[in-house]
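In order, the protein sequence lines correspond to chains C and Z.
All letters in the first sequence, in the order written, are residues 16 to 322 by our numbering.
All letters in the second sequence, in the order written, are residues 245 to 478 by our numbering.
Heads up, a few of these hints could be off.
[Stated by the list, open to error] Straight line, CA to CA, 30 Å or less: simulated DSSO-like cross-link-like pairs of lysine-lysine:
#1 C:292 - Z:402
#2 C:300 - C:313
#3 C:313 - Z:314
#4 C:156 - Z:314
#5 C:123 - C:112
[Unchecked claim] Covered stretches of chain Z, going by a simulated chain C footprint (3 or more residues, C-beta under 8 Å):
#6 303 to 309
#7 347 to 361
[To be verified] Heads up, incomplete: computed chain Z residues facing chain C, CB under 8 Å, no partners named:
#8 291
#9 292
#10 296
#11 381
#12 446
#13 447
Calculated directly from the structure, the hints in this document are not laboratory data.
Where is the CB? At the ideal position from N, CA and C, for every residue including glycine.
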Amino acid sequence: MSLLIERSGALASLQDGGRFGVRHLGVTQGGAADWLSQGWANWLLGNPLHAATVEITLGNFTVLAEADSCLAVCGADLGATLDGHPIAPGRSFIVRKGQQLVFNTPVKGVRAYLAAPGGFVAPQLLDSCATVRRESLGGLKGDGQPLAVGDRLSWDGEVAAPRELTSETCSALFSDTPLTVVLGAQIGDFSGQSLFDVFNCTWTIDQRADRMGIRLLGPVLRNSTRSMISEAVPLGAIQVPPDGQPIVLLNDRQTIGGYPRLGALTPLAVARLAQCKPGADVQLKPVALEVAQREHRKLLGNWQLGL
Amino acid sequence: MKPRIEVVGIDSLMLRLFEEIDEANMPWLLAAAQRLRDAFGAALIDLVPSYTTVLVHYDLAQLDDTEARKRIADALHELQPDASGQARELNIPVWYDPSVGPELESLGQRSGLGLSGVIERHSAHVYQVFALGFAPGFAFMGLVDECLASPRLQTPRKRVPAGSLGIADRQTAIYPLVSPGGWNLIGRSPTCLFDRNLDGYSIWQPGDRVRFQPIDHAEFIRLGGDDSPFEVTP
Chain C
16 MSLLIERSGA
26 LASLQDGGRF
36 GVRHLGVTQG
46 GAADWLSQGW
56 ANWLLGNPLH
66 AATVEITLGN
76 FTVLAEADSC
86 LAVCGADLGA
96 TLDGHPIAPG
106 RSFIVRKGQQ
116 LVFNTPVKGV
126 RAYLAAPGGF
136 VAPQLLDSCA
146 TVRRESLGGL
156 KGDGQPLAVG
166 DRLSWDGEVA
176 APRELTSETC
186 SALFSDTPLT
196 VVLGAQIGDF
206 SGQSLFDVFN
216 CTWTIDQRAD
226 RMGIRLLGPV
236 LRNSTRSMIS
246 EAVPLGAIQV
256 PPDGQPIVLL
266 NDRQTIGGYP
276 RLGALTPLAV
286 ARLAQCKPGA
296 DVQLKPVALE
306 VAQREHRKLL
316 GNWQLGL
Chain Z
245 MKPRIEVVGI
255 DSLMLRLFEE
265 IDEANMPWLL
275 AAAQRLRDAF
285 GAALIDLVPS
295 YTTVLVHYDL
305 AQLDDTEARK
315 RIADALHELQ
325 PDASGQAREL
335 NIPVWYDPSV
345 GPELESLGQR
355 SGLGLSGVIE
365 RHSAHVYQVF
375 ALGFAPGFAF
385 MGLVDECLAS
395 PRLQTPRKRV
405 PAGSLGIADR
415 QTAIYPLVSP
425 GGWNLIGRSP
435 TCLFDRNLDG
445 YSIWQPGDRV
455 RFQPIDHAEF
465 IRLGGDDSPF
475 EVTP
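For reference, chain Z alone in the conformation it holds in the complex (with noise of 0.2 Å):
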C-alpha cells in the first residue's frame, strides 16, 4: 500500500490507497475513514470511501490545502487495519425467484449451475459492502464468484422495483428504491434498505459484511416483500 494524495477540487482531496478492487482493501479503508474523522473533527465536511479511495471534502472556511494534507499525514501514520471492526455483518433475505429475477434462469443455464446452484452459489459468500453510490443506499457489493459474473444489460430497463437483487460483472447490489437499472436481476428482497424512518436511513455502510439468506415466497410475503410480477416488456 503507498498511498497518495490527490487534488480534486478547491475544498477535496483524494486519499489512494489501493489500486485494484479487493475485498481485503476494506478494513484498511474503514481504518483510514476512522482516523481521518478524528483528524479533521468539525472541519470536515463529507468523508466518502468507495473501493480503493477515501474522498474528504473539508471546510475551507477552517483549513487550507497545507493544513488538510498535514492532517490526512498525520492520520495515516502507523496505520493499521480495522480488524475489530466497527463493521458489522448484515443477513438480507432474498426470495430468488425468476418472477422477481428475470436474469436468474439465464445465469442457471449460462454458468451450467442450475436455478438452485446459482441460488446457493450466490448466498454461500460474506460479501464487502465497497461503497455507497448511485442512489441512497444503494451498496457496491462484491465479490461475486467469477462464474456468476455477468455484463451489465445491453439496455438498461426503465423500471426496476424496489428491492430487486442484481449482478454486474463481479459486483452485487439491492436497488434501495424503484429506479431505473441495467444490472442483471436475480432475486427481490423484502427488507427496507434506505427509509427517513430508519436509524440513520442507511441499513447499511461501506465497510459492512453481508450475507443473502434464501428464502421462500410465503416467508418473503411474511415480512412485507411485494411480489407483483416483473413488467417484461423494459
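If we strip away everything but chain C, and leave its shape as in the complex, we get (with noise of 0.2 Å):
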C-alpha cells in the first residue's frame, strides 16, 4: 500500500524514535522533534510508538492514496484535508484509492506527524530511518533528503479499529503553562540577575529555528565560564553562548558543544517547544530532577492508558 507524494516543501521528512548506541561517533539523534505526537499518531493505528511517520513541517504537503487504508494524523492542525474534507489532528481514518490528502497551512502548531498502519518502510541506517539532511542519513533512500515530489511512502501494516484521541490530550500540548528546565551543573555560573530574568522574563521565538535548535529572544543572560572544553550535549540543553541569548538544542544538535548551559527542557516541553512558532512567546520554569523523572513516567504510563 503506498501513498504517492504529489507537493511537498522541504520540510516533510521521514521519521521515527531517532538513532541511539552512536552519538559517540558523532552522529545526531534525528527522530521526531515532537516525540509526544509521534507517539500517539502511532497509538493510534496500534503501531509500535516510534514507527516512522512523516514529519510535515508548516505544511505545503500533499499525498495521493495509491489504495484504500488508514492514517492517522497528530500534532500540528496544518489545515489538512481529505479530498476537500477537514481533517482534524487527533484521530484515524479511513482513505480510499484516489483520494488526495492535503496540509495547507499551519492553523496551530507547526509539525503534524502522518502515520500509516505498522509504519512507513524505509532502510535502516544505524537502526533508524530518521532523517538527517546534515548527515545523508535516513529517510526513504538512507540518503538524508526530505521527501521529494514523485516519491513513494508504503507500509505494509494491518488496518486496526479507528481510534481518537480526547480533545484534552490533543491540546495539551499547546498549553500556554511555562516550560519546564531541569537544571544543569553549570547553572551557579549565570549572574544572580540572570537566573531571575531567565526564569521571570517572557522569551520570544526566533525566526532561527529549525531541527537542530532554536534560538530564544530575550534579556542578554551573563555567565562567568571562561571557556568551555566541548563535552556531549543532552537532547532539550539550553546553552547560552556568548551574545546571551539561549539556544535550545533539538533532535538534530551537534553531539558534543562548548558553551555553558542553563540546564536541559523536559521531553515534554521539548515537544511543547518543537510546535512553536516563531514570534512565539514562552516561559521557563525549574522542575526538580526527582518531580521530572516522576512526571515523565507518568506520561510514558499514558499509552498504557490510551488518554
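Hints given; two lone chains; assemble the complex.
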C-alpha cells in the first residue's frame, strides 16, 4: 500500500524515534522533534510508538492514496483535508484509493505527524530511518534527503480499528504554561540577575529555528564560564553562547558543544517547543529532577492507558 | 583525578574526570566508558566520551537518578587506566600539498619550519582521538605541536572538501564529508572515514591513536583520492 507524494516543500521528512548508541561517533539523534505527537499518531493505529512517520513542518504537503487504507494524523493542525473534507489531528481515518490528503498551512502548531499501519517502510541506517539532511543519513533512500514530489511512501501493516484522542490530550501540547527545565551543573556560573531573568522574563522564538535548535530572544544572559572544553550535549539542552541569547538544542543538534548550559528542557517541554512558531512567546520554569522524572514516567504511562 | 557526577538533563548524567585537555586522559576515559557500559547494560541509551568527560544517557523507564548515580559510582570503584587498549592505532595517508591545503604555505612561513618542516612535524606525532562530533566521523585529535598551533579562520569556508586535513589551535582533524569549516587546511586524505559501507560506519572512535603518513600525489590518486584543486573563494 502506498501514498504518492504530489507536493512537498523541503520540510517534510521521514522520522522515527531516532538513532541511539551512536552518539560517540558524532552521529546525531534525529527522530521526531515532537516525540509525543508522533507517539500518539502511531498509537492511533496500534503501531509501535516509534514507528516511522512523516514529520510535516508548516504544511505544503500533498499525497495521493494509491490503495484503500487507514491513516492517522497528530500534532499540529495544518489545515489538513481529505478530498476537501477537514481532517482534525488526533484521530485515525479511512482513505480510499484516489483520494488526496492535503496539508495546507499552520492553524495551530507547526509539526504534524502522519502515520500508516505498521509504520512507513524505509532503509534502516544505524537502526533508524530518521532523516538527518546534514549527515546524509536516513529517509526513503537512506541519503538524508527530505521527501520529494514523486516519492512513494509505503507500508505493509494491518489496518486496526479506528481510534480517536480526547480533545484534552490533543490540546495538552498547546497549553501556555511555562516550559519546564531541569537545571544543569553550570547554573551557578550565571549571574544572579540572569538567573532571575531566565525564569521571570518572556522569551520569544527567533526566526532561526530548525531541527538543530531553536533560539530564544530576550534579556542578555551572562555567566562567568571562561572557556569550556567541548562535551556531549543532551536533547533539550539550553546553551548560552557569548551573545547571551539561549539556544535550545533539538534532535539534529551537534553531538558535542562548548557553550555553558542552563540545563535542559524536559521531554514534554521539548515536544511543546517543537510546536512553537517563530514570534511566539514562551516562559521557562525550573523543575526538581525527581519531580521531572516522576512526571515523565506518568506521561509514558498514558500510552498504556490510551488517555 | 576527582570524578564528579553532574546533572545535565532529565535522563543524562555527566561524569567529569578531568579539568584540562591532556593526552593522558584518554586511557582513563576509555576504562571508565567500558566500566559504565557494563554497569548500565540494557539501561544504557548512549555513552559519549569527550576530552575530560563521559556523558551517560540512560533509560528513564528502567532507572531513576539515584540508581543511575549508584551505578556510576560502582563502575568507578578502583578504576585503572586502560593500558592494554581497546584503543587501536591507525595509519592515515595524507597528501600534504598547497593545492589541497591552502594554509600549508602560510603555516610554513609563520612557524619558520618551511613546507617540509610542517609536514615532518605534523606527521611525526601519534595523536589521540579525544572525541567525535561536529559531524559523523569528525574526530578531534591532538595535541598538535605548539609551533603548528593556529587559530581558526576568521571567516569559515562555506565548503570544505571531504578528506581535508585541518588544524585549529592544538587540535587536528579531517572533514569526513563536504561541509562548512573554519580550520586551517594543510592536506587531504584519500581515506573514507565515515560511510554506511564501513564496518561500524566510522573508522575511528574516541581513544584511538592516529598517525598521519605523508604520501605523494601518485599514491594519493592510486588510493582513490580526489585531487580537485581548492576553490580559492570561500
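Discussion item. When the structure is checked against the list of hints, which entries are broken? Sort them ascending.
Written reply: 4, 7 and 13
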